[in-house]
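*Asks:* In the order they appear, the protein sequences are chains A and B.
In terms of our numbering, the first sequence is residues 50 to 418.
In terms of our numbering, the second sequence is residues 828 to 1089.
Simulated from the structure, these hints should not be mistaken for lab results.
Since this is a predicted model, take the numbers as computed values, not measurements.
Possibly wrong hints are sitting among the right ones.
What the hints assert, rightly or not - Straight-line Cα separation of at most 25 Å, DMTMM-like style, residue types lysine to aspartate or glutamate; simulated pairs:
id, chain 1, residue 1, chain 2, residue 2
1, A, 320, A, 257
2, A, 221, A, 279
3, A, 129, B, 986
4, A, 232, A, 161
5, B, 920, A, 109
6, A, 129, B, 983
7, B, 920, B, 862
8, A, 162, B, 990
9, A, 162, B, 986
10, A, 149, B, 886
11, A, 120, A, 82
12, A, 149, B, 1058
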Amino acid sequence: MTARERGAAIDIKGATKRYGNFTALDDVSLHIEPGEFMTLLGPSGSGKTTTLNVVAGFTDLTSGDLAVGGKSIVALPAHKRNIGVVFQHYALFPHLTVGKNVAYPLTLRGMDKQARDRLVVRALDMVKMADFAHRYPSELSGGQQQRVALARAIVFDPPLLLMDEPLGALDKKLREWLQLEIKRIHRELGTTFVYVTHDQEEALVLSDRIAVFNQGRIEQVGTGRQLYDEPTTLFVAKFIGESTSLRGTAQTSGNETSLTIAGQKIVAKGKLASGGKPVVLLRPEKLSLAGANTPPAAGQNSLTGEVSEAIYLGSGSKYQVTLRDGSVAIVRASLEATPFSIGDTVDLRWSVVDAKLLADDDRADMTMT
Amino acid sequence: MRLAPFRILLGLFCLLVAVWLVMPTLVIIPMSFNEKKSLAFPPSGFSWQWYANFFTNPDWLSSFFNSLRVAGLVAVAATLIGTLASLGLSRMKHSGAGLLRAILITPMIVPGVVLAIGIYAVYLDYQLVGTTTGFVIAHTMLAIPFVIIAVSASLEVFDVRLETAAASLGADRFTTFRTVTLPLIAPGILSGLLFAFVTSFDEIIVALFITSPYLKTLPVQIFTSITRDADPTVTAVGTIIFIATTVIISAGLIISSKSTRS
């Protein structure tokens, strides 16, 4: 059996969950491949944790279907689903030792002591906690407890592992190290992983694909690269990575849209199919700065502004440029680029092909800090 | 050292309060070794005769065993009912939970005499006066609030999310209760059991109303004996009960404080 075959495919179809007037999940559909590492990413209250709880069986759906490995499990109670779950708060049993915690799901399955001990040691080895089998959870640090919780969730070899912000309570250094550990364990097990987080960096580090949630719906599903380079909504563009969004008076001619911003005209490829208000989205590394009197190259857009912040980052520099209409652009410049100081009048430049035209969306703003 | 006189005064005052609180209890210990048949203080001489009387006189012994039997049954019944009630109340999301809890706690707040009158009136009709059943029913009602308070304190610090975790690992509701919830709230249940036992064992007000010559509990026997013939055996009994309840209640407090700390 190859590693990938051990994971189960997940099919969520039209999942809807209502609490009175509040819709926590609004017609969510998502297919997850066997053995895939899928991250549900979104701000708090976006429906990602509700989705996880629905799959785990902790929350019932108002309507919709849910299948694991091709079989619908909607009617199964949580304890019959055979799905591993890792919680943000570890949820280790305080009255049992680490070894007994990990053995717990095996004891429930009526496994004899010899086989049980072997699997417990193997699971604890995998999370590098084998030396702690006789300790109690209260004697362990947060990171150690979470590793034990992970061992307990995989020891019974579930075809699917759910993780609900498992690193949320840990400090940054530990988090980064455990992310790599989780990635390694996913590779070794071949189990399907569904991971919930609000941290986009964590999502990019871990995932095969990411589903971006917002207000109970999925905005977009794709690899990290797809979400960063080809966001389909302004919300996704703003949630993944840094960006600058430009708004102005719009005009469409042929397959081009032009925006007039404080008297200066810029163009972007394409036009909005929906006919909404267009926004031009730019990633910091696609932007460059030039002195105000150097003419732009062919196929480049140019907007005048003033440097309002300049930060040296070692590997390059980061600038904030306040444009004439008051909006702020974020620019990442390489070490070779001409340096600028706060107060300099500069031209913000980018290739027409590097800009992304998206529909404006008030939903995108409310979640940004 | 300007504060010294004030500190000495404060110390003296504290000592006075302490003496005031424990003196009535401590007085009975020397009295129980009195040589003469009198309740005079200070006692004179030394003898074990009142202890001997307690262990040989059938009136005293039967009332002692009556109390043990009633308190034992009450401890079991009150713990069972009180624990189930606490579990139910802690899971209730409805706003009625607070009212229900208040109703269950009332026997602790309502004056004992008032309860005793009501119980006596009802017991006369149902011929429960002077029966073990009658004592157990009345004392269980009085003991339930203590169990609810002890078990609820345990449940307060119990992390319900552990039950969700157990479900995800394959445990059904009953298995989860047996392997996770019960072991973690066991200290609260045990301290509730001890409090329930003691509540029944030293209960006098209701017992005086529903007692009969055929069924006397130890507190009733003490009360009738001291009002009838100033028998110093009561001081020996008092000393025994004092030491026993102190040990039991301390055990209960230690157990419950351990459970809330972990």
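*Asks:* Now look at each hint and say whether the structure bears it out.
*Replies:* Structure-based check of all given hints:
As the CA atoms of residue 320 (chain A) and residue 257 (chain A) are separated by approximately 31 Å, the hinted pair breaks the 25 Å bound. Between the alpha carbons of residue 221 (chain A) and residue 279 (chain A) the distance comes to roughly 29 Å, so the proposed pair goes past 25 Å and is violated. A C-alpha spacing of about 22 Å is found between residue 129 (chain A) and residue 986 (chain B), which places the hinted pair at or below 25 Å, so the restraint holds. A C-alpha spacing of about 31 Å is found between residue 232 (chain A) and residue 161 (chain A), which places the hinted pair above 25 Å, so the restraint is violated.
In summary, the hint linking residue 920 (chain B) to residue 109 (chain A) is supported, as the alpha carbons are separated by about 18 Å, within the 25 Å threshold. Straight-line distance between C-alpha atoms of residue 129 (chain A) and residue 983 (chain B) comes to about 28 Å, which puts the hinted pair past the 25 Å bound. Of the supplied pair hints, the one linking residue 920 (chain B) and residue 862 (chain B) is violated, its CA atoms being roughly 63 Å apart against a limit of 25 Å. Proposed proximity of residue 162 (chain A) and residue 990 (chain B) is supported: the alpha carbons are some 24 Å apart, at most 25 Å.
Between residue 162 (chain A) and residue 986 (chain B), the direct Cα distance comes to roughly 29 Å. Violation of the 25 Å bound is thereby established for this hinted pair. In summary, the hint linking residue 149 (chain A) to residue 886 (chain B) is not supported, as the alpha carbons are separated by about 54 Å, beyond the 25 Å threshold. Annotation: proposed proximity of residue 120 (chain A) to residue 82 (chain A) holds, straight-line Cα distance about 14 Å (limit 25 Å). For a cut-off of 25 Å, the pair hint linking residue 149 (chain A) to residue 1058 (chain B) is broken: about 59 Å separates their Cα positions.
Of the numbered hints given earlier, the model fails hints 1, 2, 4, 6, 7, 9, 10 and 12; all others are met.
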